[in-house]
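Those protein sequence lines, which keep their order, are chains A and B.
Using my numbering, the first residue of the first sequence is number 114, and each one after it goes up by one.
Using my numbering, the first residue of the second sequence is number 4, and each one after it goes up by one.
Honestly, the hints are just simulated from the structure, not real lab data.
Ideal Cβ positions, reconstructed from N, Cα and C, are used throughout, including at glycine.
Hints may contain errors.
If the Cβ cut is set under 7 Å, some of the chain A residues that face chain B in the computed set are [stated by the list, open to error]:
#1 F129
#2 M163
#3 M187
#4 P192
#5 E194
#6 R195
#7 G196
#8 F209
#9 E212
#10 L213
#11 K214
#12 N215
Here are the simulated DSSO-like pairs of lysine-lysine, each with C-alpha atoms no more than 30 Å apart in a straight line [to be verified]:
#13 K202/A to K295/B
#14 K338/A to K293/A
#15 K204/A to K85/B
#16 K321/A to K247/A
#17 K159/B to K113/B
#18 K284/A to K216/A
#19 K7/B to K70/B
#20 K202/A to K238/A
#21 K241/A to K7/B
#22 K223/A to K130/B
#23 K291/A to K321/A
#24 K241/A to K202/A
#25 K430/B to K319/A
#26 K129/B to K172/B
#27 K202/A to K24/B
#28 K130/B to K113/B
#29 K295/B to K218/A
#30 K14/B to K321/A
#31 K14/B to K223/A
#32 K240/A to K24/B
#33 K159/B to K204/A
#34 K222/A to K7/B
#35 K355/A to K291/A
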Amino acid sequence: MKVLQVENITKTFGDFTAVDNITFSIDEGVIFGFIGPNGAGKTTTIRMIMNIIIPDSGKVAIMGNENARTASDMIGYLPEERGMYRKMKVKDLLLFLGELKNKPKSFIKKEIDYWLERMELSEWKNKKIEELSKGMQQKIQFAGTVLHKPKLLILDEPFGGLDPINQLLIKDLLLELKEKGTTIIFSTHVMETAEKLCEELILINKGKQVLYGSLSKIKQDIGRKHILIEYDGKDDFLKDLKDIEKYDNYGNMVEISLGPQGNAQNVLKAAMQNAVIKKFEIKEPSLNEIFVESVGSSEQGGEI
Amino acid sequence: MISKKVLAVIKREYITRFKTKGFIIGTLIFPVILILIFGGIFIFGSIFQPSTRDVAVIDMNGQMYNKFIRLQADSLKNGLPKYNFHKIEVYTETLDTVLAQLKHDLIVAKSIDCILIIPEDVFESKKVEYMARTVSDFEEQRSFSSSFSRIVTNHKLESMGLKADEIRKALAMSRVSVSTRQVTEKGVVEKSGVSGFALTYILTYVMLLLMMTYGQSVMRSVIEEKSQRITETIVSSIRPIELLIGKITGVCGLGLTQLTIFGIFLLGGIALAEPLFTRFGVQSPEVFALLKQVHFTPSLFGYMLLFFTLGYIFFSLIFAAVGAMVTSEEEGQQFQMPIIFLIMIGYFIMFTVAKNPETSQAFWASLIPIFTPMVMFARIAVSDPILPSGTFLSLGIMILSIVLLTMAIAKIYRVGILMYGKKATLKEAIKWLRYK
């Protein structure tokens with residue numbers, strides 16, 4: 114069953130089209146990357162999934178249910194803009210968040226103890242939020258997002274503001290939740306993290322869908338491949354092959370960038386006809402490269 | 004049917020505020036004042052109950068002493084005489100010596116509390132000397148003065164050949180008092196004009212204060228969620244309108260808690276003061292008479308709760324809209340001024356309406372939702388126990404306008420709470436009304 118189905122959703126604010134005809138779906142138990150530069154429309158899309166704002170057109174179905182309000186109890190949402198009631202005690206706040214998900218008190222209390230233990234924050238249970246450090250507050254917020262055992266977890270920049278140790282802690286927890294069958298949507302503009310965690314992803318820019326599919330397929334299909342060849346012989350094959358966009362020749366070794374439609378196998382065939390191949394390596398592009406490539410160099414500035 | 008989620012919001016809003024110092028002080032201040040007043044009466048009336056005072060009287064005139072002690076023969080509540088008079092016999096030559104001895108008794112030995120010196124020519128000079136360690140007991144001085152005056156008056160009347168007793172009787176018999184009674188369909192109620200107004204002013208003032216305090220509380224709550232970026236987490240679990248309703252209801256609960264405590268203490272104070280004090284042997288007729296004039300009935304209290312609730316909901320909706328439009332508490336402070344003015348206007352209209360509750364202007368003013376809570380309640384308060392014209396019409400209009408206002412504000416609220424960064428103009432807010 115598809116945990117989430119998004120069909121052709123569009124949202125405009127006045128003259129500005131924030132989200133333009135986006136379609137994707139997510140299977141159960143998948144970590145799904147939702148990537149794009151700042152201002153691409155990620156948060157607006159997530160808000161439409163959460164039914165916080167209503168799309169101008171298009172449909173959202175969560176676990177087959179188009180009424181997102183009934184589904185919202187099964188979702189855990191960690192927004193990018195996140196904060197907490199500073200004057201509330203940790204346990205009161207978590208209880209409140211659990212109650213907002215329609216869970217019984219006894220259940221929530223057990224979960225609070227479990228998650229505080231996992232977050233190594235048990236002794237802060239009776240402290241006020243404002244007494245906690247920023248990192249601790251983030252972890253409490255994470256606990257608040259997962260304590261009602263959601264089937265779908267939507268995390269908007271979950272690692273922002275966390276130190277490396279806590280990033281590792283949260284990452285392990287996410288993988289653990291995935292093992293238990295939780296579907297995770299994970300929005301970020303940090304490609305390294307997305308590359309490590311996500312199996313599938315969608316890349317949006319300026320409200321439009323740019324890439325969508327499994328990470329390996331995207332890398333195969335869309336990413337510019339780099340080829341490294343060590344050879345003995347002539348390098349004539351480099352010059353008239355359509356697949357090659359550009360190359361750097363070092364004499365016995367050449368680094369080739371394939372064109373958009375370039376096929377590594379064609380290059381190998383051509384090379385074998387001209388030279389003795391000592392080493393042939395296809396280097397997969399990083400997600401970061403794909404991202405930069407797709408979004409365009411004009412929009413990198415400082416955000417990536 | 005209120006959902007569990009809304010209940011959770013109501014509970015959170017109520018409990019987090021209930022524990023704050025401000026609320027506790029605000030709630031207890033009225034009962035504390037009331038207890039202090041009654042406690043004061045009790046303490047001064049009972050614990051500092053005066054004991055028998057020893058009064059040395061030097062009667063140089065010779066005709067005053069016996070008449071005076073007959074007029075001052077009151078006894079205390081414990082049965083003992085109020086005064087123990089000592090007649091000091093002196094001659095003009097020994098006056099200084101005797102006086103010196105008496106002063107010693109007064110100040111050092113404290114065997115006497117007061118010295119009265121009646122000069123020989125008291126009928127002409129009309130002066131008596133009063134000496135005591137403290138001279139702040141003006142009631143005693145007044146009482147002595149009136150007794151002396153009476154003796155001197157009697158003396159003069161009799162010397163003119165008139166019968167003092169008969170004249171006095173005639174004077175007492177012809178005293179006319181005006182007692183005020185409000186005539187209503189349900190009968191005649193004893194009530195003075197002044198106390199009716201005073202009570203109405205006080206009650207509407209309490210309502211005004213609570214409406215403003217808790218309206219602002221709602222606004223701050225909205226701003227907190229916005230500026231602390233809490234909103235998005237919350238509205239992913241609960242619809243904005245539910246959040247708004249829960250918020251307003253929870254804060255309303257605080258206002259009603261305070262108002263109920265206020266009302267119960269006031270009702271209890273009025274009803275129980277006299278029997279309670281009388282039981283402990285404290286007499287304070289002035290206070291009792293005043294309390295009897297305070298026409299604060301349970302039904303009036305009910306109307307107060309009703310009109311407070313309606314007024315609070317109406318204004319807190321507007322406060323919530325302002326909260327959703329601004330980004331910080333400072334901006335909120337600025338933008339709330341127009342609302343506070345609106346509430347104040349109602350209060351000012353109330354002043355004139357309370358005096359003339361049945362004019363057509365009063366009638367129309369009480370139908371305008373912004374003014375209804377103050378003006379209509381004031382009309383009810385001064386007309387109690389009958390209901391003034393338009394009571395139910397004004398209630399109907401008020402409830403209808405709350406429903407319409409909720410629908411409009413919910414739209415502004417829904418968009419506004421997620422607009423971080425910059426404050427919205429009124430024009431933008433009106434545009435939000437049209438958002439899907």
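Results for each hint:
1. F129: 13 Å, violated
2. M163: 5 Å, holds
3. M187: Not OK, violated: M187/A not within 7 Å of chain B, min 11 Å.
4. P192: 4 Å, holds
5. E194: 4 Å, holds
6. R195: 6 Å, holds
7. G196: 4 Å, holds
8. F209: 5 Å, holds
9. E212: 4 Å, holds
10. L213: This interface hint holds because 4 Å falls under the 7 Å limit.
11. K214: 6 Å, holds
12. N215: OK, holds: N215/A within 7 Å of chain B, min 6 Å.
13. K202/A to K295/B: Between K202/A and K295/B the Cα gap is close to 48 Å, so the pair fails against 30 Å, i.e. violated.
14. K338/A to K293/A: Cα-Cα ~35 Å, so violated.
15. K204/A to K85/B: Violated. K204/A to K85/B sits at ~66 Å, over the 30 Å cutoff.
16. K321/A to K247/A: 34 Å, violated
17. K159/B to K113/B: 37 Å, violated
18. K284/A to K216/A: Measuring from Cα to Cα gives roughly 26 Å; hence the hint holds.
19. K7/B to K70/B: 81 Å, violated
20. K202/A to K238/A: 7 Å, holds
21. K241/A to K7/B: With a Cα-Cα distance of about 25 Å, the restraint between K241/A and K7/B holds, given a limit of 30 Å.
22. K223/A to K130/B: 88 Å, violated
23. K291/A to K321/A: 28 Å, holds
24. K241/A to K202/A: Holds, at roughly 4 Å.
25. K430/B to K319/A: Holds - the C-alpha atoms of K319/A and K430/B are around 27 Å apart, at most 30 Å.
26. K129/B to K172/B: Given that 30 Å is the threshold and the Cα spacing comes to 24 Å, the pair holds.
27. K202/A to K24/B: 17 Å, holds
28. K130/B to K113/B: Since the Cα atoms of K130/B and K113/B sit roughly 25 Å apart, the hinted pair holds (cutoff 30 Å).
29. K295/B to K218/A: 51 Å, violated
30. K14/B to K321/A: With a Cα-Cα distance of about 42 Å, the restraint between K14/B and K321/A is violated, given a limit of 30 Å.
31. K14/B to K223/A: 21 Å, holds
32. K240/A to K24/B: 18 Å, holds
33. K159/B to K204/A: 87 Å, violated
34. K222/A to K7/B: 17 Å, holds
35. K355/A to K291/A: The hint is violated at about 43 Å.
The earlier numbered hints that this structure contradicts are 1, 3, 13, 14, 15, 16, 17, 19, 22, 29, 30, 33 and 35.
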